[in-house]
Amino acid sequence: MTIARSLLPAVVVLSAILIVALLIGVSVGSAQVSWRDIADDEIAGAILLRIRVPRVLAAALVGAILAVAGLTFQTLLRNPLADPFILGVSGGAAAGAAVASALGWGRVPGLVQLVAFAGACAATAAVFLLARRRDHTDPTRLLLAGLVLNAFFSAVILMAFSFSKQSDLTGALRWMMGTLFGATWTEVLLLAIFLTAALIALAWMASDLRMLVFGEEDARGRGVDVERIKLAGFVCGSLITGAAVSVSGVIGFVGLLVPHLMRLIWRRDFRFLLPLTALGGASLLVAADVISRVAIPSAELPIAALTALLGVPLFLSLLRRDL
Amino acid sequence: MVFLLLLTACNPASRARGMREVTDDLGRSVQVPVTIRRVVTLAPNLTEIVFAAGGGETLVGVDQFSDHPHDVRSLPRVGGMNPDIEKVVALQPDVVLASTEGNQPGIAPSLAAAGVPLFVVRTDRLHEIPAALARLGELLGTGHGEVAASTLRDQIRRQQRRRDPQPQVVFVVWADPLYVAGRETFTDDLFTLTGARNAVPVKGWPQYSQESLLANAPDIVLYPAATVSRESVERLFSAAPSVLRGLQIVPVDDNHFTRPGPRVVEAAARLNEIMD
Numbered sequence: 001m002t003i004a005r006s007l008l009p010a011v012v013v014l015s016a017i018l019i020v021a022l023l024i025g026v027s028v029g030s031a032q033v034s035w036r037d038i039a040d041d042e043i044a045g046a047i048l049l050r051i052r053v054p055r056v057l058a059a060a061l062v063g064a065i066l067a068v069a070g071l072t073f074q075t076l077l078r079n080p081l082a083d084p085f086i087l088g089v090s091g092g093a094a095a096g097a098a099v100a101s102a103l104g105w106g107r108v109p110g111l112v113q114l115v116a117f118a119g120a121c122a123a124t125a126a127v128f129l130l131a132r133r134r135d136h137t138d139p140t141r142l143l144l145a146g147l148v149l150n151a152f153f154s155a156v157i158l159m160a161f162s163f164s165k166q167s168d169l170t171g172a173l174r175w176m177m178g179t180l181f182g183a184t185w186t187e188v189l190l191l192a193i194f195l196t197a198a199l200i201a202l203a204w205m206a207s208d209l210r211m212l213v214f215g216e217e218d219a220r221g222r223g224v225d226v227e228r229i230k231l232a233g234f235v236c237g238s239l240i241t242g243a244a245v246s247v248s249g250v251i252g253f254v255g256l257l258v259p260h261l262m263r264l265i266w267r268r269d270f271r272f273l274l275p276l277t278a279l280g281g282a283s284l285l286v287a288a289d290v291i292s293r294v295a296i297p298s299a300e301l302p303i304a305a306l307t308a309l310l311g312v313p314l315f316l317s318l319l320r321r322d323l
Numbered sequence: 001m002v003f004l005l006l007l008t009a010c011n012p013a014s015r016a017r018g019m020r021e022v023t024d025d026l027g028r029s030v031q032v033p034v035t036i037r038r039v040v041t042l043a044p045n046l047t048e049i050v051f052a053a054g055g056g057e058t059l060v061g062v063d064q065f066s067d068h069p070h071d072v073r074s075l076p077r078v079g080g081m082n083p084d085i086e087k088v089v090a091l092q093p094d095v096v097l098a099s100t101e102g103n104q105p106g107i108a109p110s111l112a113a114a115g116v117p118l119f120v121v122r123t124d125r126l127h128e129i130p131a132a133l134a135r136l137g138e139l140l141g142t143g144h145g146e147v148a149a150s151t152l153r154d155q156i157r158r159q160q161r162r163r164d165p166q167p168q169v170v171f172v173v174w175a176d177p178l179y180v181a182g183r184e185t186f187t188d189d190l191f192t193l194t195g196a197r198n199a200v201p202v203k204g205w206p207q208y209s210q211e212s213l214l215a216n217a218p219d220i221v222l223y224p225a226a227t228v229s230r231e232s233v234e235r236l237f238s239a240a241p242s243v244l245r246g247l248q249i250v251p252v253d254d255n256h257f258t259r260p261g262p263r264v265v266e267a268a269a270r271l272n273e274i275m276d
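Protein chains in written order, with my numbering: chain H, 1 to 323; chain B, 1 to 276.
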């Protein structure tokens with residue numbers, strides 16, 4: 001009850017920001033079409049309802065997922081640097097996509113996405129197994145395992161590129177550079193299911209996850225089954241990251257930046273941060289996608305470059321104040 | 001690096017002969033031997049241009065994408081956009097030919113360090129292709145460059161058409177994400193030559209917006225059959241079934257349409273065949 005009450009103002013403010021971002025997202029684009037025309041102009045209707053709206057929604061969902069995954073990994077590892085990229089989860093997805101493209105699987109619709117998703121899950125499993133020692137998962141070992149796996153995945157991607165035809169290579173680039181181009185309603189639906197399920201699961205574990213802030217020993221003392229929570233949290237974070245990366249490719253900085261921003265503005269309590277981070281991540285990626293769509297008329301800017309350009313100065317200013 | 005220096009040191013052929021100074025298409029002045037006997041090309045269109053200019057016998061190495069004419073298939077390969085510099089130097093070329101668009105700028109210092117002259121050729125626009133024929137004929141001293149250039153100019157002129165209304169054309173380089181041939185490219189010049197109009201309003205080879213693709217709906221979509229699938233092209237238009245129904249989607253030979261060499265004439269002929 002008290003949580004709900006103190007959360008309310010922040011949720012209202014962030015929801016308002018997200019709604020504004022979504023409205024801007026669906027009203028601007030490279031084609032000059034008006035919402036008034038959708039009834040009698042088929043092309044205007046197609047552009048707005050079947051290209052622009054699903055893309056804006058996919059941006060919101062991917063942004064929310066990456067931010068929530070970042071928050072979850074940071075909480076589990078009690079390490080401010082943890083995010084899907086540093087732990088190798090997105091690297092696994094990108095390597096999966098690159099290998100699948102190099103094998104020429106890009107011609108079967110959805111297959112490369114599926115392999116990317118499998119890559120993210122495989123990467124998590126690998127990180128976890130590498131970091132595990134005598135029934136215990138050490139956060140430092142987890143980060144190091146992620147680091148090593150990332151190096152391995154970069155090598156796999158480079159190898160896949162060296163052995164693939166120039167044409168297949170362009171297909172794999174989609175996952176390396178990150179883009180929301182061509183997002184469909186089916187993908188929006190899938191992302192929404194993944195995000196909702198993860199939010200419910202994480203909210204259910206939120207009280208236990210919150211205890212991890214005080215250290216694993218302490219949490220264990222308070223009756224938290226630390227290993228089980230860690231495994232559940234990791235599976236959650238990886239599944240949603242896999243889903244996001246298989247749609248948008250690798251988009252960095254959202255998972256790192258948004259949780260820190262929210263922590264700075266509100267409290268460090270996981271129960272608060274969960275909804276706020278989701279809303280903040282959604283707004284950030286919708287905004288970045290708008291810029292990537294309209295900065296150059298009729299052409300597109302790579303969105304991952306934009307999130308890094310926005311993210312680096314913001315993150316540096318956070319770093320100077322307090323991390 | 002030591003290996004490169006050693007190789008240069010034991011390459012007396014270019015030392016002994018006289019040198020001359022030429023200016024390449026980037027405006028760099030390049031020292032090349034008076035008579036050029038050994039040439040390495042780093043892009044497939046340059047290989048084709050060298051052959052058409054009558055310098056085919058001088059080729060001692062080509063890039064990995066060169067596949068035309070048939071004679072090049074037996075030549076040593078030196079790699080792709082990032083060529084194997086050691087291999088290039090080991091072939092002891094009198095000059096290495098690179099293109100402005102396809103090759104890494106980083107290769108120039110490595111080749112310079114090895115004492116191998118690099119000559120960069122610009123073939124971004126249609127009129128630059130016959131010009132390159134003439135220039136390379138002159139550089140290689142084939143005595144055939146000017147003739148080949150004017151023949152190619154004539155062949156190109158014969159493909160010139162006027163059409164009313166102008167068919168709107170899009171050339172899809174890659175479908176997801178969408179890359180297309182934009183304005184001020186040799187592919188765009190081919191459209192203009194054959195009486196068509198590029199439906200893409202952006203310059204260069206942009207990552208193109210799907211909204212703009214539908215808003216500036218084309219009549220004809222061309223795609224390279226070897227690298228892009230018909231389904232992926234159709235998927236781009238699936239949001240607007242009426243546009244898709246009225247669309248002529250045609251597979252073409254990517255080597256003719258995306259390789260700025262003498263065979264662009266065949267691309268122009270194909271375009272006319274599609275639209276006539």
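Since the hints were derived computationally from the structure, they do not count as laboratory data. There may be inaccurate statements among the hints.
[Claimed, not checked] If you only want the chain H side, here are some residues facing chain B, beta carbon under 8 Å, derived:
no., residue
1, Ser-27
2, Val-28
3, Ala-31
4, Arg-52
5, Thr-179
6, Leu-231
7, Ala-299
[Said to hold, decoys possible] So the derived label-pair ranges between C-beta atoms look like this:
no., chain 1, residue 1, chain 2, residue 2, range
8, B, Arg-235, H, Gly-223, 44 to 54 Å
9, B, Glu-184, H, Ser-34, 23 to 33 Å
10, B, Ser-229, H, Pro-297, 20 to 30 Å
11, H, Leu-81, B, Arg-235, 57 to 67 Å
12, B, Ser-238, H, Pro-297, 17 to 27 Å
No residue lacks a Cβ here, since even glycine has one placed at the ideal position from N, Cα and C.
Against the structure, the hints:
1. Interface hint status for Ser-27/H: violated, as the beta-carbon distance to the closest one in chain B is roughly 13 Å, over 8 Å.
2. Interface restraint check: Val-28/H against chain B, minimum CB-CB distance 10 Å, threshold 8 Å, status violated.
3. Evaluation of the Ala-31/H hint against chain B yields a held restraint, the C-beta minimum of about 4 Å falling below 8 Å.
4. At its closest, the beta carbon of Arg-52/H sits 7 Å from a beta carbon of chain B; the interface hint therefore holds under the 8 Å criterion.
5. Taking 8 Å as the C-beta contact cut-off toward chain B, the hint placing Thr-179/H at the interface holds, the least distance being around 5 Å.
6. Because the smallest distance between the Cβ of Leu-231/H and any Cβ of chain B comes to about 35 Å, over 8 Å, the interface hint for this residue is violated.
7. Interface hint at Ala-299/H: satisfied, since its Cβ lies 4 Å from the closest Cβ of chain B, which is below the 8 Å cut-off.
8. Remark: the range hint 44 to 54 Å for Arg-235/B to Gly-223/H is upheld by a beta-carbon distance near 53 Å.
9. Under the hint 23 to 33 Å, the C-beta atoms of Glu-184/B and Ser-34/H, about 31 Å apart, fit the expected range.
10. Our hint of 20 to 30 Å for Ser-229/B and Pro-297/H holds, since their Cβ atoms are close to 29 Å apart.
11. Checked against the hint of 57 to 67 Å, the pair Leu-81/H and Arg-235/B fails, with Cβ atoms roughly 39 Å apart.
12. For Ser-238/B paired with Pro-297/H, a C-beta distance near 24 Å keeps the hint of 17 to 27 Å intact.
When the structure is compared with the earlier hints, violations turn up for hints 1, 2, 6, 11 and for no others.
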